[in-house]
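**Q** Based on the hints, put chain Y in the right spot on chain U.
There are 2 protein chains.
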Amino acid sequence: MTATARILDFLRDRQPQGPCLVVDLDVIAKNFRAFTRAMPATRIFYAVKANPAPEILQLLAKLGSCFDTASVGEIELVLAAGATPDRISYGNTIKKERDISSAHALGVALFAVDSVEETEKVARAAPGAKVFCRILADGAGAEWPLSRKFGCDPSMAEDVLLRAHALGLHAYGISFHVGSQQTKLGAWDLALGQSKAIFDALQSRGVTLSMVNLGGGFPAKYLKPVPGTGQYANAIQAALAKHFGNAIPETIIEPGRGMVGNAGVIKAEVVLVSKKHANDNQRWVYLDIGKFGGLAETMEEAIRYPLVTTKDKDAKGPCIVAGPTCDSADVLYEKTPYNLPLTLTVGDEVLIESTGAYTTTYSTVAFNGFPPLQSYVI
Amino acid sequence: MTATARILDFLRDRQPQGPCLVVDLDVIAKNFRAFTRAMPATRIFYAVKANPAPEILQLLAKLGSCFDTASVGEIELVLAAGATPDRISYGNTIKKERDISSAHALGVALFAVDSVEETEKVARAAPGAKVFCRILADGAGAEWPLSRKFGCDPSMAEDVLLRAHALGLHAYGISFHVGSQQTKLGAWDLALGQSKAIFDALQSRGVTLSMVNLGGGFPAKYLKPVPGTGQYANAIQAALAKHFGNAIPETIIEPGRGMVGNAGVIKAEVVLVSKKHANDNQRWVYLDIGKFGGLAETMEEAIRYPLVTTKDKDAKGPCIVAGPTCDSADVLYEKTPYNLPLTLTVGDEVLIESTGAYTTTYSTVAFNGFPPLQSYVI
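If you read the protein sequences in the order shown, they are chains U and Y.
Just so you know, the first sequence maps onto residues 1 to 378 in the numbering used here.
Just so you know, the second sequence maps onto residues 1 to 378 in the numbering used here.
Chain U extracted, bound-state conformation (with noise of 0.2 angstroms):
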């Protein structure tokens, strides 16, 4: 359940028009709260991309996050919510040069890379700056596994981090990513004994890493159960241990989703509920929000979000459930229909919990004429 009292006495109150997110921050707080007590030793850059809000940023900037950005944009949000450009890193691998140096000359210092390509454009951009080279990891067990787009080889690191030492820059550590949702509480084992692998090399050619940046993956809870945050904590954990010993190096985390994705529901509204032919047991259900208004997340129906309904004690049956759009791919789901209330019409609510992570800017500027989605951060 994450439509909490204060999201449903605001939707009450407010009556927002059109489908709208809305983002209880107290949710959020006890989310880091929760990160910090179950892994105090490790730095929490929260992923930016997961939801920008300005409200969301300043919470977790007084609270004494750190920050993973993918551009100058989030860059420049992040500083504007008050936060320092030390707790920022620039995490994505692929970067334009002239970004990077207006990264530079906004105070950050920590880069992520994966090419040796890559990394001469650091050393000439930001020259002396942190840099951390992402290994690729297998993503199995995710909901939402990774491509190959970012990573490299781990025998690619070593040149990689090499490189950067022989130019100036500081070769400061590994990062990789499990998938996001990941539910495999030992995805982090094998991509830590690669890390560890690739220090001991680093070592043996005279240069010391320091840090490990675990990355993101923590899931929010969508329909099925997920480990909470201290089973994740104690895998790591244990993990850390059995790689590095007792010469555990400085580690991050960047959890976006894990950490706003259960902050947030949609409020959306039934547009239609219709059949193909007179004879046909298939109903399809169109809300006013979908693939291209938020709800990217749902290609390939990837993730299935909890909808829930003021009918859900009415008897319920399957439906496909599309988007507003004149788009044939806003589907939301239909490969596996979704038990709805047979109850169901036009004009009746719909809450679709967990939406907090990537539905706001994942939304298109104006798709069919439709205005992105709205977002309240109470």
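If you are wondering where the hints come from, they were derived from the structure by calculation, not from laboratory data.
Computed from a predicted structure; not experimentally measured.
All the pointers check out, no bait thrown in.
The list that follows gives simulated cross-link-like pairs (lysine to any residue, SDA-like), each with its CA atoms no further than 25 angstroms apart:
#1 K335/Y - D153/U
#2 K335/U - M299/Y
#3 K184/U - N234/U
#4 K276/Y - L342/Y
#5 K311/U - E97/Y
Not close to chain Y: a few residues of chain U, all C-beta gaps over 12 angstroms, as computed:
#6 A29
#7 K62
#8 A109
#9 G168
#10 G193
#11 V226
#12 P249
#13 K311
Partner residues are not named here, just some residues of chain Y that face chain U (Cβ under 10 angstroms, in silico):
#14 N92
#15 I94
#16 L136
#17 D153
#18 G179
#19 V271
#20 A278
#21 N279
#22 A302
Glycine included, C-beta positions come from ideal geometry on N, C-alpha and C.
**A** Just chain Y now, with coordinates in the frame of chain U:
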């Protein structure tokens, strides 16, 4: 070759920063005239969702086009561009009743439906309006085939239109959509046969239909050659004559991609060229635009845009093409790698051709902190 001299001159003279779309209005005017010449008896309803830039709407309004709209937002854009409401169709079959009311208040009197439920909304909110019923068409042969999201079984269209008539609406006609980027010229034949059967069934119940909306589906040229507008017109004319004999109804078409697709070119930049492993032969080429910056139609590698570089005379080799965001789904071409010059390097300009349709408005608000796609209409 869709980069016209005007577009190339603009890019050379203005040197716009960051990824941008440049649209040549002369090409759109030429496309409009080709449609009117090929189908002189057919009214053209431009599918505004393809590209709602004010300059494009103003040009088409001046040329005498009508407009197919998906939302009240698009209706307002069309009215602002100088078209009168009698030239507007509200073509989305999924509409909130209050949006139908707003459209009715703005003077719009032509609505699409595909269910009894939607027809009842139109009868309440836009009494006396003309409605046409969309039927499900077989999308085989389309590069971006439509799901079953829109349209009802032809057998149900009769009920829908009889209900419209009973509710005091003007049961006006039938519409269908053969699928976007449709290259099978025979695709219209089946749907026109079904339309005629519905005309006859309604006539036997005392209701005379007047119009067939032939929808869109007219292709833009990407990498593969496509039939010309004249060939489409001939195929449609033959199918109309075959099924309707000498009682050919009023017809309308809704070109979107076919009107503006080849009028636009996106200028992008190579951000990084790298490999994942020292002995890897697989290049990754990262551009400053991807799935979330306007190229959503590369989803499942559906549309393969022509990529043009200044090094196209050099030897080429396969590479994976990806976008600049931290989302691992932001990969454009991987299953079928793209052949690009082996000399391609960071900072090189890449022109992405035939991108006038379904790019600007598909762009996300601010995913990863990147601004939406810039657009220049010249």
